[in-house]
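In order, the protein sequence lines correspond to chains E and H.
Counted the way our numbering counts, the first sequence spans residues 1 to 636.
Counted the way our numbering counts, the second sequence spans residues 1 to 213.
No lab work stands behind these hints: they were computed from the structure.
Every residue, glycine too, gets a C-beta built ideally from N, C-alpha and C.
There could be a bad hint or two in this list.
Unchecked claim - Think about it this way: if two alpha-carbon atoms lie no more than 30 angstroms apart in a straight line, the pair counts; the simulated DSS-like pairs of lysine-lysine are:
id	chain 1	residue 1	chain 2	residue 2
1	E	K25	E	K107
2	E	K525	H	K170
3	H	K72	E	K516
To be verified - Pulled a few chain E residues facing chain H out of the computed Cβ check, cut under 8 angstroms:
id	residue
4	S474
5	G476
6	K477
7	R486
8	T493
9	N494
Stated by the list, open to error - Chain E is nowhere near these chain H residues, computed Cβ spacing over 10 angstroms in every case:
id	residue
10	K11
11	E23
12	G58
13	Q67
14	Y68
15	K72
16	V75
17	D100
18	F118
19	E137
20	K141
21	D148
22	R153
23	P174
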Amino acid sequence: MSRIKSPAELEAFRKEILAQRDPDKPCITLCSGSACNATGSGKVAAALELEIEKQGVTTEVVSRRTGCHGFCEQGPIVVIYPQGICYLKVQPEDIAEIISETIKKQKIVERLLYVDPNSGERATLEEDIPFYKYQKRLVLGSNRKIDPRSLEDYLAVEGYQAIAKVLFEMTPEQVVGEVKDAKLRGRGGAGFPSGLKWDFARNAPGDQKYVVVNCDEGDPGAYMDRSVMEGNPFAVLEGLMIGAYAIGANEGYIYVRQEYPLAVANLTVAIEKAEEYGLLGKNILGSGFDFTIKVHRGAGAFICGEETSLLNSLEGKAGEPNARPPFPAIRGLWSKPTNINNVETWANIPMIINKGAAFFSAIGTESSKGTKIFSLVGKVNNTGLVEVPMGASLRDIIFKIGGGVPGDKKFKAVQTGGPSGGCLPEDLLDTKVDFDELSQAGAMMGSGGMIVMDEDTCLVDIARYFLAFLSDESCGKCTPCREGIRQMLKILTNMTKGLAKEGDIDLLFELAEATKGSSMCALGKTAPNPVLSTLNHFREEYEAHINEKRCPSLSCKELIAFHIEPEKCKGCGACFRKCPAEAIEGGKKRIHVVVQEKCTKCGGCHEACPAAFDAVKILSGVPVPEATPEEARAIG
Amino acid sequence: MSEISLQIDGKEVAVSAGTTILEAARSLGIEIPTVCDHAQLSPYGACRICTVEADANGRTNLVASCQYPVEKDMVVRTKTEQVDKIRKVLLEQMLSHAPDSEQLVALGQIYGADRDRFEKEASFCILCGLCVRYCAEVKKKDAISFFDRGAKREIAFLPEIAMQECWDCKECFPLCPTSALQAAYVLTEALMTPTEPAAPSCGGGCSSSEGCG
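For reference, chain E alone in the conformation it holds in the complex:
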């Protein structure tokens, strides 16, 4: 295929692609995002190719390896269109049956269907699975339909329609106006109105301007941007190009973290294809607009997700922030006006242009429009990526989509907004996902991390964990961030070890105020959030750690002890066999005893003790009862 030289040629090409595709022909899509690859999608793909050949259905079926479908817990995922039959946890040996039954005989392979853990009901179609049913996948939706490396696939789902419209029917002002009217706010964390940001860069004096994609997603457990970049790179490229046209830039950079090799690979192929078809480079679609893109791989620093640090890193300097103002819109990459947006923000742009600002701004709440992707992880049944309209409640996300907390455990808290977000308790579960409402509740939208915690999670330890992460990831340039986090981390670590002192809570508040108030960049300014939000909502846990040396969640190792209740022990030996530290004294028909000095508190004995006996107890804040004397240990 040669370069596409005009919008008419683009549409002709699109028609040609669509004409070759029969929408009723069975299409087997296999999720091939990083998560499904880890659970064996590659082997399933090989089996699929082989089996299609072997069973002689090459002409009757299309197979496609797509980006992430979102339901990562249940991967590898196979969805068969046009019906949308969804098979989960598919292994290579299941493929023969899928083809012989579902493709040839239109029969469902029951054992591969989703089973609701609460009701036990099966769901045949993707749209009937509660995890998908309550989502609104405007950004992630295309992921399951297209091969991320196929420009033809992207064109088949309205791809590059928006850039054609922008280049030939809209002025740059109109494009900025559309994004402003859509009320799109940045998906990277701060939630700044994107249209306004574009306007700043557009109006900044200077001939040379840049646009940048921030794909340095570093929040622990969050992978929204990775999945968009892996699964639909053309949408990000198109969004970026629209932004470049709007602000007057001809060069773009995509900053992707090194740890996302598949995203880099798919993106690189997408850029090559776009260049080949003339959808990047000189005189795009004959409009006279030139645009080139370079991919830059980040070297593994969380701080580079902060925009000024990212720009420093792009320039080859250490990833450390600069003071703002001047903002990058005025003085950014190589001191030129630069507009940086997050992957998800850019991926929203083609849709806003195609469907219009009114469509977009009709979704969501007063102050937050459109949808937001969250990575729902932790103690929740259905982990994965979920995209919901702004305004959905945390309760709906966790319980309706996420299927609630596994086992008989009770929900305790949800942490939103990444390491510098906040933990919200059960009574705030009706909080809506909305930039302002989450901030008011003491958490934040962040880039969309959502970690669910159950009753076994110690919130003091969670605060310690996040502060430890931030202590490693702070660049160390300014005192309040570097030293403030260091001191807060020491206090929290002491608390989890039973070494806390009276007055430590006040000291935490004082350190938090200084760090929040005087740090240079957002990392420091938000670093105290895990401490402040847990102190606000779970203060009694802190007090138990300080005053009683007790961990209410029975999780802090140095504050707990394992004890076998002599009257309940049946001498079965399950705990004795499980103990890796030889810390249990037992014997046939004898009461078992934990030797506290040897115990490593791994919890193996507690898990091993049959539920009917329930003899192994975890103690905290109380002395461990004296061990039964040797001579009194015989049972019955």
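Once you've looked at the hints, dock chain H against the given chain E.
Only chain H this time, still in chain E's reference frame:
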């Protein structure tokens, strides 16, 4: 350059655009405490002691006065209860590294900082970056730099450059607010540590403290 008028601690002042709040305050004779500021160096914003409260565009923010440019009709307060509390904590954090630093002790007295509040840290260095920036910006040698990040950040001389440049310079020593010996110590350590013990000749990895001549 256009003039920008603003108010600092109740006093009106007009300065050219691009001036920092710190410079504007100094022009009024208002003293804002600083540690990492230096007349010959560009503002860096590391110590944050110069944090002030500023109202601009309908918002009140805490900003580092050494870096923040003045804005039209800005109202700045250089001493408030919150600002003083922040300065006290920051000084206490720095004093945990350098309890005997004359400059920090003197500032600590003003803000009521307790130098024993936090456990003593192993390094005297408060990472103000004066040595690093002076070597880079004024001497243009880059013989000393920051290494690592977060709580592990430290300064170190690059032996390859230091052995060529440092012996007859040492202009960074007196800049150090915690101890002039800090820089000297780090320098000596850099030059005493063989970086490439297996290499006999000087490929920049010479292990002799005399230099390899």
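The hints, checked one at a time:
1. Distance check on the hinted pair: K25(E) and K107(E) sit about 16 angstroms apart at the alpha-carbon level, within 30 angstroms; holds.
2. For the hint pairing K525(E) with K170(H), the CA-to-CA distance comes to about 36 angstroms; that exceeds 30 angstroms, so the pair is violated.
3. Simply put, K72(H) and K516(E) have alpha-carbon atoms about 26 angstroms apart, close enough for the 30 angstroms limit, and the pair holds.
4. The interface hint given for S474(E) is met, as the beta carbon of that residue sits about 4 angstroms from the closest beta carbon of chain H, less than 8 angstroms.
5. Because the beta carbon of G476(E) sits about 3 angstroms from the nearest beta carbon in chain H, less than 8 angstroms, this interface hint is met.
6. Interface hint status for K477(E): upheld, as the beta-carbon distance to the closest one in chain H is roughly 6 angstroms, under 8 angstroms.
7. Taken as an interface hint, R486(E) checks out: its beta carbon lies about 5 angstroms from the nearest beta carbon of chain H, inside 8 angstroms.
8. Using the Cβ-Cβ criterion of 8 angstroms, the hint placing T493(E) at the interface with chain H is not satisfied: the shortest such distance is roughly 12 angstroms.
9. The beta carbon of N494(E) is not positioned within 8 angstroms of any beta carbon in chain H (closest approach about 10 angstroms), and the interface hint is therefore violated.
10. Every C-beta of chain E lies more than 10 angstroms from that of K11(H), the closest at about 23 angstroms, which supports listing it as non-interface.
11. For E23(H), the condition that its CB be more than 10 angstroms from all CB atoms of chain E holds, with the nearest at approximately 14 angstroms.
12. Under the 10 angstroms C-beta cut-off, the non-interface status given to G58(H) relative to chain E holds; the minimum distance is some 15 angstroms.
13. The Cβ of Q67(H) sits about 4 angstroms from the closest Cβ of chain E, inside the 10 angstroms cut-off, so the non-interface label is violated.
14. The claim that Y68(H) is not at the interface with chain E is violated, since a C-beta of that chain comes within 10 angstroms of its own (minimum 7 angstroms).
15. Residue placement check: K72(H) keeps its beta carbon more than 10 angstroms from all beta carbons of chain E (closest about 13 angstroms).
16. For V75(H), the condition that its CB be more than 10 angstroms from all CB atoms of chain E holds, with the nearest at approximately 17 angstroms.
17. Taking the minimum C-beta to C-beta distance to chain E, about 18 angstroms, the non-interface status of D100(H) holds against the 10 angstroms cut.
18. At the 10 angstroms boundary, the C-beta of F118(H) falls inside the reach of chain E, the nearest C-beta of that chain being 6 angstroms off.
19. Its beta-carbon lying about 14 angstroms from the closest one in chain E, E137(H) satisfies the requirement of being farther than 10 angstroms from that chain.
20. Against the 10 angstroms criterion, K141(H) stays outside the reach of chain E, whose nearest CB is about 17 angstroms from its own CB.
21. Not every C-beta of chain E lies more than 10 angstroms from that of D148(H), the closest at about 7 angstroms, which undercuts listing it as non-interface.
22. Distance to chain E contradicts R153(H) as a non-interface residue, since its nearest Cβ pair spans about 3 angstroms, not more than 10 angstroms.
23. At roughly 22 angstroms, the least C-beta separation between P174(H) and chain E is larger than 10 angstroms, which holds for a residue marked as non-interface.
Violated hints, in rising order: 2, 8, 9, 13, 14, 18, 21, 22; the structure is consistent with all others.
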